[in-house]
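Chemist: If you're matching them up, the sequences are chains L and C in order.
Position 45 of the first sequence, counting from 1, maps to 45 under this note's numbering, and the rest follow consecutively.
Position 161 of the second sequence, counting from 1, maps to 269 under this note's numbering, and the rest follow consecutively.
Note that these hints are calculated values from the structure, not bench results.
Glycine included, each C-beta is placed from N, C-alpha and C at the ideal position.
Among the hints, erroneous ones may be present.
EDC-like, lysine to aspartate or glutamate: derived pairs with alpha carbons at most 16 Å apart [unchecked claim]:
(1) C:145 <-> L:68
(2) L:85 <-> C:126
(3) C:370 <-> C:337
(4) C:551 <-> C:514
A short, non-exhaustive set of chain C residues, derived as facing chain L with CB atoms under 8 Å [to be verified]:
(5) 126
(6) 129
(7) 130
(8) 136
(9) 138
(10) 141
(11) 142
(12) 143
(13) 145
(14) 148
(15) 150
Distance ranges between label pairs, derived from CB positions [as the list claims (entries may be wrong)]:
(16) L:96 <-> C:157: 21 to 27 Å
(17) L:45 <-> C:258: 57 to 63 Å
(18) C:259 <-> L:62: 44 to 50 Å
(19) C:184 <-> L:45: 57 to 63 Å
Chain residues, written in single-letter form:
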Amino acid sequence: MNRSDRKAKTKGREALDETYILRLFMADNEPNSKQARENLERLQETYLKRPHKKEIVDVLEDFQTALENNVLVTPCLILVSPLPKATVFGNLSDTERVLAALRLTGVE
Amino acid sequence: MMGSKKPTYEELERQLADAEAIIATLRRGEVDAIISKRNVALLRVAELEKALVESEAHYRVIAENIQDGLTVIEGGKTVYVNDRACQIFGYARNEFMKLTGFDVAALEEKERLRLVREEAIKPGVYPEELQYWIVRRDGTKRYIHNRYSIIEKGDKPFSSRLVVTTDITERKQAEKALRESEAKYSTLVEHAKDGVVIVQDGICKFANKAMAEISGYTVEEILGRHLMDVGTESADAIAQRYRSRMAGKEISPLYEAKIQCKDGTIKEVEVSAASIQYQERPALIGFVRDITERKKLDQLKDDFIGLVSHELRSPLTVITGAVNTVLTEGARLSSQETRQLLQDAAWETESLSHLVGNLMELSRVQADRLFLHAQPITLKNVVQNTVERVRCQSSIHQFVVDLPNELPLVYVDQLRLERILYNLLENAVKYSPRGGEIRVSVKLEEEHLVIGISDQGIGISPPDQAKLFGPFQRLEDRRPEGVKGAGLGLLVCRRLVEAHGGKIWVESEPGRGSSFLFTLPLSTP
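If we strip away everything but chain L, and leave its shape as in the complex, we get (with noise of 0.2 Å):
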């Protein structure tokens, strides 16, 4: 396993601690990337009540992060803890997938 896989388990032992984290990637202030940015602050807002923790790593200024986390493209979310991970690229427009990648059950 490589160095990047060990950070996420790094990462994902925090999960460990019931806290549900998320990563989003992002470039600046593109057009998908803002509206990535957000639908997941819409999505936190209305779906995810309980206590989570939230990153955003904004490629064009650490990409090294990115390649760490095997991200090829923005804008991708990761769902970092409870594992397993998940992720979803594209804008998060569709909302039932990304709450169903999130293992979000849309009530909560």
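Following the hints, put chain C in place on chain L, whose structure we already have.
Modeler: Just chain C, lined up with the frame of chain L:
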């Protein structure tokens, strides 16, 4: 980075799923950056698309607002039309998309257009433009101008054509109206009896046929001549008027001038001029009327009036003198003297009444009020009576009357016939001052009688014969001393003979006397 360790099956499966998801995301256009080992490449797809849309919109705005109709044809099918094209062709957009410019061409244009299209199949010979009539959906006809351009598309250079259509019906109609109006005016000018000239910068730029006829020069000879080049003293006045008019001064449009013709004769003309624009520069148009004849006639009339008043005055002087002498000196005059004076007065009265009679006949003819009182008469009596009236005025002439024994009745106005005979006999007396025979003859021909009065007088030369019967003609040089008369007699004869349906002529030789002959139709008028 990929690590030396072989990825597990699960990892491979996950990577494959990721790849598929990435491709789907790319397809949806939701990717905006691709991250590689070295850098991040921004995929500004939306921006590109937006620019494309904007550029399309930009061209569409141009296409829809342009004053020309635009049509794009690909492989014989219309793929785009703008609003203006729909307006020009009079079809709704969806209807017009199924047609081409050829389909809506007027029936009479189709053959010509078909030939053009056949030619156009050969590469590179498509016309750049065409003008033709179209019939719109509502049946109205418009005249359009099409410009064609090829839209090059890769290796298929002739697949697309842009057609730019302009409706030029109004222009076409205006051109037609202009042509017609020009034709109308040029016909007017060419057929005008007045000469027409256009002068610009002092030089004659246009002349019509009538101008050539008046001047004797050909139109080509007139063109390029200077307007002062008229060959008479009128030149300065013409030039001065021209300058005043071109300077915009108000001057009377009508004036008279004299011009020298090609053969050297001088003609009097009446000119009316106006300023115009000729070939977009100021010029002057002149209408030139030949008034030489009118002037001559005016002169003749003046002379005639002078002559007539003289002819009226002299018998009156004699009459007044004779009558007054008898009244005042009557007691001292012998009866023979008194008789002679009264006889003079009577002759002059006869002469005066004759002159007044001729004048009245002429004025009746001129007023178109000559009415004949025709009745069947015996010619013999009329001839003999008239000869008697003239005979007593002259003692040196022998009067011979030569009539056939049998003559049919003629249907004429007796007083008028007497006047004709009297005028001719009086002339015969006047113009044979040395006496001699005066012969009146009547000949019966098939349809008419020919009546002739011959003298042995001074005769008339052929050029003078031609003028004899014209208005106010007197042959001054052949007029012997002391011969009186207003020169009316023959004109009156001609009018009266013509009123009876006959004709009058003269046969004469200078020095050998003259014969005046006239016909009277035998048929009932």
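Chemist: Decide, hint by hint, whether the structure agrees.
Modeler: Hints, one by one, checked against the model:
1. C:145 <-> L:68: Answer holds: residue 145 (chain C) to residue 68 (chain L) is near 10 Å, not above 16 Å.
2. L:85 <-> C:126: holds (12 Å)
3. C:370 <-> C:337: holds (12 Å)
4. C:551 <-> C:514: holds (11 Å)
5. 126: At about 6 Å, which falls below the 8 Å cut-off, the nearest Cβ of chain L leaves the hint on residue 126 (chain C) intact, so it holds.
6. 129: This interface hint holds because 5 Å falls under the 8 Å limit.
7. 130: Holds: closest Cβ of chain L sits about 5 Å from residue 130 (chain C), inside 8 Å.
8. 136: Since chain L brings a Cβ to about 6 Å from residue 136 (chain C), closer than 8 Å, the hint holds.
9. 138: holds (4 Å)
10. 141: Status holds, d = 4 Å.
11. 142: holds (5 Å)
12. 143: Where the cut-off is 8 Å and the nearest Cβ of chain L is about 5 Å from residue 143 (chain C), the hint holds.
13. 145: The hint holds - residue 145 (chain C) has a Cβ within 8 Å of chain L, the shortest such distance being about 7 Å.
14. 148: With Cβ-Cβ at 5 Å, under 8 Å, it holds.
15. 150: holds (6 Å)
16. L:96 <-> C:157: 21 to 27 Å: Given a distance of about 26 Å, which is inside 21 to 27 Å, the answer is holds.
17. L:45 <-> C:258: 57 to 63 Å: At roughly 59 Å between Cβ atoms, residue 258 (chain C) and residue 45 (chain L) fall inside 57 to 63 Å, so the hint holds.
18. C:259 <-> L:62: 44 to 50 Å: holds (48 Å)
19. C:184 <-> L:45: 57 to 63 Å: 59 Å Cβ-Cβ, so the 57 to 63 Å window holds.
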